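Student: Those protein sequence lines, which keep their order, are chains A and B. Taken in order, the first sequence gives residues 1 to 256; the numbers are from this note's numbering. Taken in order, the second sequence gives residues 257 to 560; the numbers are from this note's numbering.
There could be a bad hint or two in this list.
To spell it out: a stretch of chain A is covered by chain B in this simulated footprint if at least three of its residues, at any positions, have a beta carbon under 8 Å from a beta carbon of chain B; those stretches are [stated by the list, open to error]:
#1 38–46
#2 76–86
#3 157–169
#4 206–215
#5 245–255
Everything labelled a hint here was simulated from the structure, so no lab data went into it. All values reported here derive from a predicted model rather than from experimental measurement. Backbone N, C-alpha and C fix where the C-beta goes; we use that ideal spot for every residue, glycine too.
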Amino acid sequence: MHETVEILQSEEVGKGVRTLRFEYHHKVSPGQFFMVWLPGVDEIPMSASYCEGRKGITVKDVGPATRSLCNLRSGDRIGIRGPYGHGYTLHDGRILAVGGGTGMASLLPAVEAIGDPSRVDVAIGARNVSELLFIDRAKAASKNVRTSTDDGTNGLKGTAVDLVADMLSKERYDLVLACGPEKMLFYLLPLLRKHNVRCELSLERYMKCGAGLCGSCALDEKRVCVDGPVFTGEQAQTMIDFGKFRRNEAGQQIKL
Amino acid sequence: MSSLQVDVAGVRLKNPTMLASGMVGETGGSLLSVAAAGAGALVTKSIGMEPRNGYGNPTLVELEDGYVNAMGLPGPGIDDFRTEMEVAKNGNVPIIGSIFASSAKDFALLSSKMEEYGASAVELNLSCPHAHGYGMEMGIDPEVVSAIVKECKDSVSIPVFAKLTPNTHRLVEVGRAVEKAGGDAVVAINTLKAMAISVEFRRPVLSNRFGGLSGPAVKPVGLRCVFDLYAALEIPVIGVGGIETWRDALEYIMAGASAVQIGSAIGRRGIGVFSEITTGLERYVEQDRCGNIQGLVGVAHEHA
């Protein structure tokens, strides 16, 4: 059953992107997600963008449910269940976190949980400067934060994958954590294989129950909600649908 | 012959556990994952004539001892399901095609499609408690059930199973109607019609308001239904409802179930539940020296 929580803070963190904070007294690991219920509107999966203390989600206004979430203010209430899924494993060694667009929301808690700014670098990509998320937060947790924008308005002009290629030519990493559009992850994977770097990728599929039952988030033989959303590069490599197909609400295969 | 092998209306299973319909089995890949987890057979998600999105969220309420769900029969429709079946067949486990329709004619058409796709049997969803015009609305009427089963039997040569609803006082009558119409087995039970209300928001939680209760909470009801059906019918009964352990499975088998289906436990216990149950059953059969699991079907009736 959902737990009803009160929004304690709603803050704009990027163009059309807001972070909502609330008290939810359950252990949440970086990379896990909540099912967020807006009575009368919808219930949608949202990555935890804050896992310690006051929990949080970061929402981009892309549809009716996310718009309603973005319109919430302090004192409004929502229903939360979870956390669900399998998050990032925080290995030893040098780590590079790669976030595209709102993918940063799921990654930042992992970067902070590593707890050593010299051990983790961050690559943030977006279409333009107004969509770059959490730069200050990343800089507080990492000594080396770099950005890329498709239009060159900030950092390297190009994609997050271009940025990672540049960083890999200068630094050696033991593990890459990545979250962002699937096409970005799809092109990131062969680059990382070429450099022989292991990775963990947070993937997304249309989701109904969130709890491993209904199968609507099936990705090959995996259920994104319980087997993921974070998968290893080795797992993603073997997935036929990864980077190629998603499924719609009816479970029909659709080209990505 | 392995001690757990069972024969259900001519469908041979390596063990008596089956994936219940509605859980996971909407795609070929997810059916394969349950085959790999050790299920003796796979029942697909109920497939209809057309693609269907199902209900909006929330579609699931998690309770301490079960779930209330109202997915709303989402699915790709029978035409697109061909490719999923092709993938699922690589699991080398019998696949039972679950289908739903609003008329006997459509049920028959879906049945023959499932046969064509390689299903070992079809399971008629006469019991979904929350889809208007489908499922339980038809499955509580013995005459309607009889007409549907007859039409399907005339259309296919594979066995026809009917999944029944517990939301009726006419359960045994419906079971007899299935048998009389030539049905090869009954599956009991589907979920119990139920709901959940948010006290804080003062409204039903499910977008459809009503859903179906499953999980350990319904096990005693399922057991009673299986026990009644076994006593009344000659055709096999497949038991389903709240099975999470080998002991739960044995309760159903002793009540009269030739095989058991597992659904909610996949969410509550994980997909390893199939091998946990079969390992437990194997050990029981060995220690009991009862030879094989089939010998235990319905033994509780000796004391009834």
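Student: So, for every hint listed, does it hold in this structure?
Tutor: Each hint tested on the structure:
1. 38–46: holds (count 5)
2. 76–86: Holds: 3 residues of the segment 76–86 of chain A have a Cβ under 8 Å from chain B.
3. 157–169: As far as the segment 157–169 of chain A goes, the hint is violated, because 0 residues have Cβ atoms under 8 Å from chain B.
4. 206–215: holds (count 8)
5. 245–255: Check passed, 7 qualifying residues.
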